[in-house]
Structure formats: C-alpha cells, structure tokens
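Work from the hints to combine the two standalone chains into their complex.
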Amino acid sequence: MKKLMIGNQAIAEGLHDGGLGVVSSYPGTPSTEITEFLSKFYDIHSEWAPNEKVACEVAFGASLAGARAACAMKHVGLNVAADPLFTLSYTGVNGGLVICVADDPAMHSSQNEQDSRHYAMASKVPMLEPADSMEAYAFAKSAFELSEKYDTPVLLRMCTRIAHSQSIVETGEKVPATLKNYEKNPAKYIMTPANAIKKHPLVEERTLALQELAENCEYNKVEMNSDEIGIITSGCSYQYVKEVMGDSASILKIGMPYPLPVKLIKEFASKVKTLYVIEELDPFIENHVKALGVDCIGKEKFSILGEFSQNTIAKAFGKELPESVSADSVIPNRPPMMCAGCPHRGLYYTLAKNKITALGDIGCYTLGAAPPLNALDSTLCMGASVSGLHGFNIARGKDAEKKSVAVIGDSTFMHSGMTGLVNVAYNATNSTVIIVDNSITGMTGHQQNPTTGYNIKGDPAAKVDLEALCKALGINRVRVVDPYDLKACNDAVKEELAAEEPSVIISRRPCVLLKSVKHEAPLNVDTDKCKSCKRCMTLGCPAISMKDGKAKIDTTLCVGCGVCKQLCAFDAIV
Amino acid sequence: MKTVSVMIVGVGGQGSLLASKLLGRLLVDEGYDVKVSEVHGMSQRGGSVVTYVRFGDKVYSPIITDGEADIIISFEKLEAGRYASYLKKGGKIVVNTQEIDPMPVIIGAAEYPENILDELTEKGVSVDALDALSLAEQAGSSKAVNIVLMGKASKYFDIPYEKWIAAIENTVAPKFVEMNKKAFDLGYRS
Chain A
1 MKKLMIGNQA
11 IAEGLHDGGL
21 GVVSSYPGTP
31 STEITEFLSK
41 FYDIHSEWAP
51 NEKVACEVAF
61 GASLAGARAA
71 CAMKHVGLNV
81 AADPLFTLSY
91 TGVNGGLVIC
101 VADDPAMHSS
111 QNEQDSRHYA
121 MASKVPMLEP
131 ADSMEAYAFA
141 KSAFELSEKY
151 DTPVLLRMCT
161 RIAHSQSIVE
171 TGEKVPATLK
181 NYEKNPAKYI
191 MTPANAIKKH
201 PLVEERTLAL
211 QELAENCEYN
221 KVEMNSDEIG
231 IITSGCSYQY
241 VKEVMGDSAS
251 ILKIGMPYPL
261 PVKLIKEFAS
271 KVKTLYVIEE
281 LDPFIENHVK
291 ALGVDCIGKE
301 KFSILGEFSQ
311 NTIAKAFGKE
321 LPESVSADSV
331 IPNRPPMMCA
341 GCPHRGLYYT
351 LAKNKITALG
361 DIGCYTLGAA
371 PPLNALDSTL
381 CMGASVSGLH
391 GFNIARGKDA
401 EKKSVAVIGD
411 STFMHSGMTG
421 LVNVAYNATN
431 STVIIVDNSI
441 TGMTGHQQNP
451 TTGYNIKGDP
461 AAKVDLEALC
471 KALGINRVRV
481 VDPYDLKACN
491 DAVKEELAAE
501 EPSVIISRRP
511 CVLLKSVKHE
521 APLNVDTDKC
531 KSCKRCMTLG
541 CPAISMKDGK
551 AKIDTTLCVG
561 CGVCKQLCAF
571 DAIV
Chain B
575 MKTVSVMIVG
585 VGGQGSLLAS
595 KLLGRLLVDE
605 GYDVKVSEVH
615 GMSQRGGSVV
625 TYVRFGDKVY
635 SPIITDGEAD
645 IIISFEKLEA
655 GRYASYLKKG
665 GKIVVNTQEI
675 DPMPVIIGAA
685 EYPENILDEL
695 TEKGVSVDAL
705 DALSLAEQAG
715 SSKAVNIVLM
725 GKASKYFDIP
735 YEKWIAAIEN
745 TVAPKFVEMN
755 KKAFDLGYRS
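Those sequence lines, one after another, are chains A and B. Position 557 of the first sequence, counting from 1, maps to 557 under the working numbering, and the rest follow consecutively. Position 99 of the second sequence, counting from 1, maps to 673 under the working numbering, and the rest follow consecutively.
In isolation and in its complexed conformation, chain B is listed as follows (with noise of 0.2 Å):
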C-alpha cells in the first residue's frame, strides 16, 4: 500500500505527543511500518507544534511536506490554516474549533483571521469541524481536547473502536482513563 500520511497540529501543551503516541502504537499493531516525528524543546513552550505519523508497508521519510497529508487533525483552528498547504488534493481536515490567540495577536500586532475555515472550503478542502472544548470538558477535562480530537478522526483509519478504547486504556495514566474513554467516546458520536 502506499504510505498514509497524517499530521497532528497545535498550540505547544494541548497534548499532541499522546495523540501520536496512542495512534502511533495501534498502526504498529495493526502490522504498519510506521514512523512518527515530532520536535521537543523550545517550541513547546505555547508555540505551534506539528507530529508527523506516517504508515504504510515500507515508510522512508519521517516527516512531510507540502500537498502530501492525507489528513491534518488540528488541535486549533489558526493552526489547520497555518498547515493547510500541507494537505494533498482530496486531504481532510479534522479541527478542533478553538481559538487560541498567538502572541502577535494578544499584543495587537496581527489579527486572528475570521474565516479560515470557509475559505479551506471554499477551495474544495473537506474540513470536519468540532468544538472539542465543551465535549473535552463534559468530559470531565479542558485537557481531553486531544483525544476528542482523536475520537472524531478515528473514523478515517481503518482501525475499529474497541482497539481505539483499549489502546487508550494502555495509554493513558489508570486514573484519567475512564475519563479519556468518555472524551473519545464524545468525539467519536460527534
């Protein structure tokens, strides 16, 4: 099969790494090579963060660049227009409609752009978009952001639920378990 590339992107601390991590591990069991790449360090201190996973029968490059990702699942909606020319023609976005002003926009040097989504769509982007805020907080977590997120994408892998839940159960520390459970749960239905 030809690789699958997909890109995880945020706001430095929304949790991308365990999205990664959780669906990094089910592509390995599910018999993928698999290649997961992300940056520490400086960018994230609130800064915008990407992890790149990439799957398929033999995966070279760790990383991906302009017109390659098959889906783009957005932590934050400045975020899904920062990386959209990373989608391929027929890509899927999957965003979380949150917004997070960035520095520049909290001093008053730039603006926070109102219709990015619209216009993704508008040039033939399939965008999915949730508030995965108030589902993460029904939740029981303004931190289960990431694994709403999560639930909703899980529906463009080939991968069925109960290895979703049982992945997260193994995962995820034992006391926020039941919590993430429910977040995928709600982003899953959503």
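Only chain A is shown next, with the shape it has when bound in the complex (with noise of 0.2 Å):
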C-alpha cells in the first residue's frame, strides 16, 4: 500500500519488516520517531534507554543474544554511543545490528553540526544514508541482511530533511523475526588485546570486501545524461540536484557513504568533463575522490555549513532564480520560548534576580537562555552543567561556590548527570545542582523516561526516587521545591547556596503541556489597579504583554499558573 510517510517512520517500518526483534533508544531530534513509531508494534521489545550508551549496548546484547537489533539517535548521541561502536565492529554481530543516527544540517534542534558519517570511516563501520522515505524503508530493511553477511554493525544516517519529511512509501513483504543459535565464543565477543589484535586485520579485510560491494551494489546509483556535468552526490543533496539539473547532468548517487567505491568513482569521473561533489557539512565524499587523485569542484562552490536547498544548486550553476517580493516592514524574530505555564520559569526568574551563574544543560530548559531572562551561562552538552559547576568552582573558589548552580532536566541528570553529581560529592565542591524536574522528557516531545514512573508504551514501569538516589551519590542536602511557589524557591536557592556542603533543589513540577496536568482559570489584568511598573513582563511569560500601557493577559494563552500574581505588588493580576 502506498502511504505519506516522514522518514523516520519509513525507518520503522524497514527495520519492522527486516525482522527486527529489540529496539532502544535514547530520543533525540531528529531521530526520535524512528523509536515512537517502533514501540507501536507489539511483536517487538521497544524501550526507552537512559542514554545512548546504555541504548547501543543492549542492542548489542540482542544481537548477540542472536535477535536483529536496533537503536536510534541524533548526532550527537553517537557521541555517546561511540565506546560501544568502536569495538562492535571489532566484535561483530550474531543477530543483524543497526544503529541509526539522525544529523541535524543548519542545526534546527542541536548544539552543533556534526557530521556523523566520519564516525564510519573512524570506526570501520559500513554506512547507509538514503535519500527520501522510501529509501528509508529500503535501506533499512536490508541493512539486516548487510550486516549479518558482512559480520559489522551498520550505520544508517539520516539528516534532517529526509528523517522529518514525508514522501510516499510502498512497504513490502515481512521478514520474520527469527533468533538465531547462541554459541559462546570467547575469541569472537570478548575483546581482550589478544583477542582484538587477532580481530583487527579481519575489520581491515571486511572494509576492502564492503568496497568491492559499493563498486557494483543497490545504493549506489549512476544516472549517464551528459558528458558535460557529472555530479556525485547523497541523501538530500541528490533531490536538490535533480530539481534544478534535471536529466541535464549525470549523477552519481552514493547510499552507502562509506566504504565509498573507488573505481565507480574513477571510472564516472573519466565520463565527465568536469566532476562536482555536492553534499551538506563536510567534504567527506570530496576528501575520497581527490585522495584517489581525482579532480573535483566540491567546498569552494557548496558551503561547509548548514543546509542546501534547490536555490543552492541554482545559485552555483548559475540558472536564474525566481523573482520574489517582501514586505517593507522589519519583521521582528519569532524565537522559541518558554510555555506560559511553563514550571522552569518561577526558577528562572529566582536565579536572574538573585544574579546567579548557572550552568546550563541540554532540554527545553535551554530556553531560560533567552530575553528577558538571560539565566543561563552555558550550555554544552548532555550533562555538562553539573560536572562543569564543579570545576568553574573548584577555578573560582569559595565565592563562586555561593554564586553558581547547575540546571538540569530529570531525563538529562538520568542521561549523564549522575556521575557528575557523584564527581560534585567525591571530589568535594559545595556545588549546588538544581534538577528541573518536570515529570517528563519534553524538548523531544514528551517521552517518558526512568524517573516518570512509565515506560515507553505508556505502561507502568519502576520509577527513580530522585531524592533517594541523590542522597545515595553522595548528597545529604536534598530538598524539594515547587517552582510556581516563588518565595519558596527563593529560600531555597538562596540557602542552599550559603550551605558548607554540596546540595540538590529538586525544582518539581510536571510539564504544563502533559495532558494529565490540570490547568487553573486564566488570570487577568484589573486595569485601574496595574501601575505600568512592568515588573510582571520580566517573567518573559508569552501570555502577558502591555497594550494600551497597561499589562495585559491572553486568557487562550494563560493556564492560571499564578507566579505573575505573586510578583505584582499592586494586586492588580486576579
């Protein structure tokens, strides 16, 4: 049946009827629905794994196990993951393994713009990256089969126009999930260096057997139209290229990235007046064929950053690019923010207005970075505000130590916070961590997570005592603060601060959007009461504004959460 489908559902799919058995998985922009629409079949294990780490790891154990296993994660979580990939492709499978990682080119959802196809050539391990949803679904169905002949971990890359855009998919025939026989075979799976040292030539030996099969194989594709212009090209690029060249240049398709074919390459090139490589980040295609010795046009003419478009290719061959208008007014941005409603605000605004250096991490709490807020002092990566706090203190001093927190989400401090805070009380700083406890992992679209008391079919699941564990890493002072309450959070950040000893402010209160939450009656401005004082606006709250001079509250927008109220001193919010 032909159905619309985004990419990452027609990876679900692919990976379903190639005879998937387990998944896990961390959630991460933009690969998370690869997960979401896996956990929809009930003939599969699906789960949410605190980290990627965690995730690639068990995938590793199902398909040791003798299952076809999978897990998915944005870019940077294969930073995560890189421990377990490197020695998988030592290792090799039983049961097929792939693991799927989604870039985020022009970086809609992520702190950078990796490029995780290097992650294949620095780990030895083949790669796919399809060019639309029903290349998806192909790839991913047969990646099973490629990975079990080729005894390797595959990697299926994903960028984010192909994993967030729908194009029409014709699903195919079923694969039953079958389990293969366990044997226990210490020379293959235990990587000890003698054991490794045996594996390594025989990864040497696969890559050279995965390029004899990119010479002549499924992924890579040639498309002969003109002797003039060839192009060599992948995933998104390609259907760039095709809408502004047509059949007027010959294509060379790469699927498979790496290990990339050298005499298809060769041999395209000597077909081709002049060769271009087009492809999104970094000229990994391009290092490839001018390392062979032949001449190509790639980065000089098509940006190292940020996405493609048609207009690229247009701009670059110098086609003539369609007339267009706009409007004279500067249209002012329209950046993402906090939810009105949003728990992370009550502390946000505690943190700006005691002018306390925080340390940032990665959740839709990043937003506490933006106008008129401005909490945040960094953010890095998955856990990095708390590991971080302990060494701007231990830089700075006893002073700092009274000045600066740490702010991370309930899924991020269960990601890779925990070992920070146990850094924090072993290594003693009297660093104050606040953990934004909102219930749910919510940047990513809510997903529940080992601290919510569900798993990922919505089941109930044991749930993290975050005091308890807190206290067990090491923390004595452990306290609760509901974040609508300003005073209380106030006290609280404020006393925890002065403390000699390391502390946790659990800021709890679940995500305004979650359903179960009830919301309150909208509140509204009593005009012959508001002074103009404008104090309510530094909350930075999406529901208030000033029209006509005076505060006023959009009660379509408004869930009642009162922290506005509690900061006007003329009474005027009711």
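Simulated from the structure, these hints should not be mistaken for lab results. Just so we're clear, the structure is a prediction, and the values are computed from it rather than from any experiment. Just so it is clear, CB atoms sit at the ideal spot from N, CA and C, and this is done for glycine as well. Keep in mind that the hints are not guaranteed to be accurate.
[To be verified] A few chain A residues that don't get close to chain B, going by computed Cβ distances all over 10 Å: (1) Lys2; (2) Gly92; (3) Glu215; (4) Tyr240; (5) Met338; (6) Ala400; (7) Val464; (8) Glu520; (9) Cys530.
[Stated by the list, open to error] Simulated DEER-style distance windows between Cβ atoms: (10) B:Lys663 with A:Lys221: 33 to 39 Å; (11) B:Lys749 with A:Leu202: 57 to 63 Å; (12) A:His118 with B:Glu685: 43 to 49 Å; (13) B:Asn689 with A:Asp526: 30 to 36 Å; (14) A:Ser378 with B:Thr671: 37 to 43 Å; (15) A:Phe317 with B:Asn689: 53 to 59 Å.
Okay, here's the thing in structure tokens:
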C-alpha cells in the first residue's frame, strides 16, 4: 500500500519488516520518531534507555543473543554511544545490528553541526544514507542482511530533511523475526588485547570486501545523462540536484557513504568533463575523490555550513532564480520560548533576580537563556551542567560556590548528570545542583524516562526516586521545591547556596503541556490597579504583554499558574 | 504537471502539523507524488514554524525556497510577512488576521509591524485575509484555527469539498470531528 510517511516512520517500518526483534534508544531530534513508531508494534521489544550508550549496548546484547536489533539517536547521541560502536566493529554481530543516527544540518534543534559520516570511517563500520522515505524503508530493511553477511554493525544515517520529510512509501513483505543460535565464542566477543589483535586485520579485510560491494550495489547508482557535467551526491542533496539539473547532468548517487567505491568513481569521473561533489556538511566524499587523484569541484562552491536547497544548486550553476517580493516592514524574530505556565519559569526568575551564574544543560529549559530572563551562562552537552559547575567552582573558589548553580532536567540527569553529581560529592565542591523535574522528557516531544514511572508504551514501570538517588550518590542536602512558589524557590536557592556542603534542589512540577496536568482558570489584569511597572513582564511569559500602557493577559494562553500574580505589588492580577 | 508548492506557516502550537497531514493525505489520494516537510523539536516551542507541501507528477526537493510558493497559508499575520519572499510572482497568501506577539515585541525590543498585508497587496500579492480565530471560536474551539484556514484555502486546490470533509473524518479524533467539520465549513464559506 502506498502511504505518506516521514523518513523516521519509514525507517521504523523498514526495521520492523526486516525482522527486528529489539530496539533500545534515547530520544533526540531529529531521530525520536523512529523509536516512537517502533513502540507501536507489539511483536517487538521497544524501550527508552537512559542514554545512547546504554541503548547501543542493549542492542549489542540482543544481537549477541541472536536477535536482529537496533538503536536510534541524534548525531550528538552517537558521541555518547561511540565507545561500544568502535569495539562492536571488532566483535561483529550475531543477529543483524543497525545503529540509526540522525544529523541536523542547520541545527534546527541541536548544539552543533557534526557530520556522522566520520564515525563510519573512524570505526570502520559501513554506513547507508537514504535520500527519501522509500529508500529509508528499503535501506533499513536490507541493513540487517548486510550486517549479518559482513559480520558488522551497520550505521544508517539520516539528516533532518529526510527524517522529517514525508514522501510516498510502498512497503513490502515482512521478514519473520527469528532468534539465531547463541554459542559462547570468546575469540569473537571478548575483546581483550590478545583477541582484539587478531580481530583488527579481519576488520580491515571486511572494509575491503565492503568496498568491493560498493563498486556494484543497490545503494550506489549512476544516471548517465551528460558528458559535460558529472555530479557525485547523496542524501537530500541528490533531491536538490535533480530538482534543478533534471536530466542535464550525469549523477553518481551515493547511498553508501562508507566505504566509498574507487573504480566506480574513477570510471564516472572519466566519462564527464567537469566533476562536482555536492554534499551537505563536511567534504567527506570530496576528500575521498581527491585522495584517488580525481579532480573535482566541491566545498569551494558548496558550503560546509548548514543545509542546501534547490536554490543553492541553481545559484552555483548560474541558473536564473525566480523573482520574489518582500514586505517593507522589519519583521521581528519569533524565537522559541518557554510556554505560558512552564514550571521552569519561576525557577529561572529566581536565578536571574539573584544574579546567579547558572551552567545549563540540554532540554526545553535551555530556553531560559533567552531574553528577558537571560538566566543561563553555558550549554554544552548532556550532563555538562553538573560536571562543569564542579570545575567552575574549583577554578574560582569559595565565592563562586555561593553564587553558581547547575540546572539540569530529570531525563538529562538520568542520561549523564548522575556521574557528574558523584564527582561533586567525591571530589568535594560545595556545588548546588538544581534538577528541574517536569516529569517527562520535554523538548523531544514528551517521552517517558526512568523518573516518570512509565515505560515507552505508557505502562507502569519502576520509578527512580530522585531524592533517594541523590543521597545515595553522596549528597546529604536534598530538598524539593515547587517552582510556582516564588518565595519557596528564593529561600531554597539562597539557603542551599549558603550551605557549607554540596546540595541538590529538585524543582518539581509536571510539564504544563502534559495531558494529565489540569489548568487553572486564566488570570486577568485589573487595569485600574495596574501601575504599568512592567514587573510581570520580567518573567518573559508569552501570555503577558503591554497593551495601551497596561499589562494584558492573553486568556487563550494563560493556564493560571499564578507566578505573575506573586510578583505584582499592586494586586492587579486577579 | 509542474510541481505545485504550498507553505503552511504559523506559530508553534497552532496546529500546522494536522493541517499538513490533512492536505498531504488528500493529495496522495488524488494520485499525485507528494512531499511534506516540517521541522520538529526546538522550533515548536512558540517559535515560527513552517511546513512545505509539494505535489505533482514527480517531486524531488522536499523544501521550498524564495520565489517558488504558489500558495502560502499563514496562521498568523506577522508570519505572512516573514515568509512572503517565498511566494512566486502571482502567488496567493491566505492569512489569518490574528496577531500573536513574539517575545521581542512582548518585551518591547521590537514592534509588531502595522501594515504588512497592505504592503504585500501593494506589491501585487493576492492576499486573502480572514479572522480565523473568531470563526474557530464560532465552531466551538479557538484551536480549530488550522481547519478554518484549510477551509478558506481549499478553493485554491482542485479537490472537491466532500473529499476534504471525508479527510477530516479520517484524520481527526472522533470527538472533535463535528467541530472541525463546522470549522472547515465556516472557512470555506467565508
């Protein structure tokens, strides 16, 4: 049946139809929906793991046991899972193993623009890259056979525009999920130096065999149209090239960016007058082509930065661009922001008011960095708030300890904040760590995590007790505060910063977007009482604005959280 | 046929995903090749959001660039101005006249431009404006702005009214079907 699917759904369908038995992932835009769609199948095991390393190792274990297994993550998640990846390359697999990784060119929802193809090369693992949803389905499905045939994990690379674009998919027959035999095999699976030394040459041989496959396989395709212009391209860039060039250029479409073919590229290059390599992000294919001694035009014409479009290609080839009009007025930006009633707001107001240095982390609460709160000093990677604060306090000493905090979400704390907190206790700084516990993984669209008490299917599950956990990690001062209560928030922050030992404040209130959260009646401004002091405006609540010199509350947005009411000195908010 | 490019733009949370889902399904049923592209994640937290819908015999690029859009359906007035440059010569904008202040306007760092739609009309853009929020409220929920706008925009597509209604019945949760059908109808007749 023909169906419109985002690339991530197509991957889920492809993995399922390829005989998947087990998937374990950590959410991350733009990869999250792969696992969400897989969780709807009841004939496979799906789960949210606490982080990508755990997810990848679960997939390893399932593969070792003989099942076809997968994990999915965003590009920076692969940094976390890199440790198992590099040695999985040596052990190889029993059941097929597919690691899906989604890059985010243009950083729609990411902190960097890294190119995951380098991981394929560095870990010597083959990588596939689809250019639309149909290919995403087909590549995901066939990846298991590739994995088992060559005894290797397979990386399946997506980028935002493939992961989140819907195109038509025609699904095929499902390969039944089977469990292969498990036999103890120390030489294959115990990577002590003595065994690993014997494995490394096999990995190199495998790469050569895969390169031979790349010369003639379903993933790499040649479209000969012209002997003037030849273009080597892959992923979404292929679509932009086709849109603009149609059949006026010859194309070598790369669906397996690692290992890359040699003969195929040389032969293609020899048939065209000018060769271009068009790829988003790094010159990965281009460097390979140049290393073969083949001349090509690449990054000097096609940027290393951001995303491409048909416009990029049209400009580069001197095509006429369509006319366009624009409004004369300056259009103000509309950046994302914390929602009306977001429980993080009260906490950030407290931090901003007390001029506290706050090392932030990855999640919705990163939005506390935006004006007017400007409440954050850094955002690096998952967990870096806690470990970073410890380093900050060591370098700047006692005075810093009294004025600095880490802010980390519940899911991020489970992902990689715990280890940083152990370090705070063990190596003894008087650091104050604030866990903003909104009972869900928010930014990626409400996934369950080990602190919520529910699993991926919404069934009840073991619930991590954050207070007990923090104490067990060596922190004696652990307190819970409601971020809607500004006074309690202020007291907690001041007292814990003053304390002569490390402490954790759990700022706890469920995400206002959760269906289970009941909203209060919206508040209104008594314009007779409003003195236009704009104190309520310092919260940066999207429901509050100034209209005709007085504060006004948008009742379609307001959820009655009451934080602004506590700020108003004139009782004008009712 | 030449590929037709449609943009659905608005503010994160206004329901553009449902609108594009509805349109995408209808176009597939009509036998077109279709691509729909949107960005999830960070941008959805009250930020400016854009969805690209393209259909024709064979669609390659999933996105739309300057001067390419045949129709822009804007769920908010300011956003019509933001994306106007994507419109092709002779293109149309269907726009909700509702104003949602972005944070720079709320905190007084920028002003909400007053005459965007007039500016666009003066430049030859065909602007089809309506108060979709009032119509949505009339239908029973302010959240139905998306469906009101699809009702208004439906006349620019070669798809009969009944098929839109059937698509709403197949896409929307059962308890919201009647309200959304009413919202679509109010937009269609406006």
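Hints the structure violates: just list their numbers, smallest first.
Those not satisfied are hints 1, 4, 5, 15.
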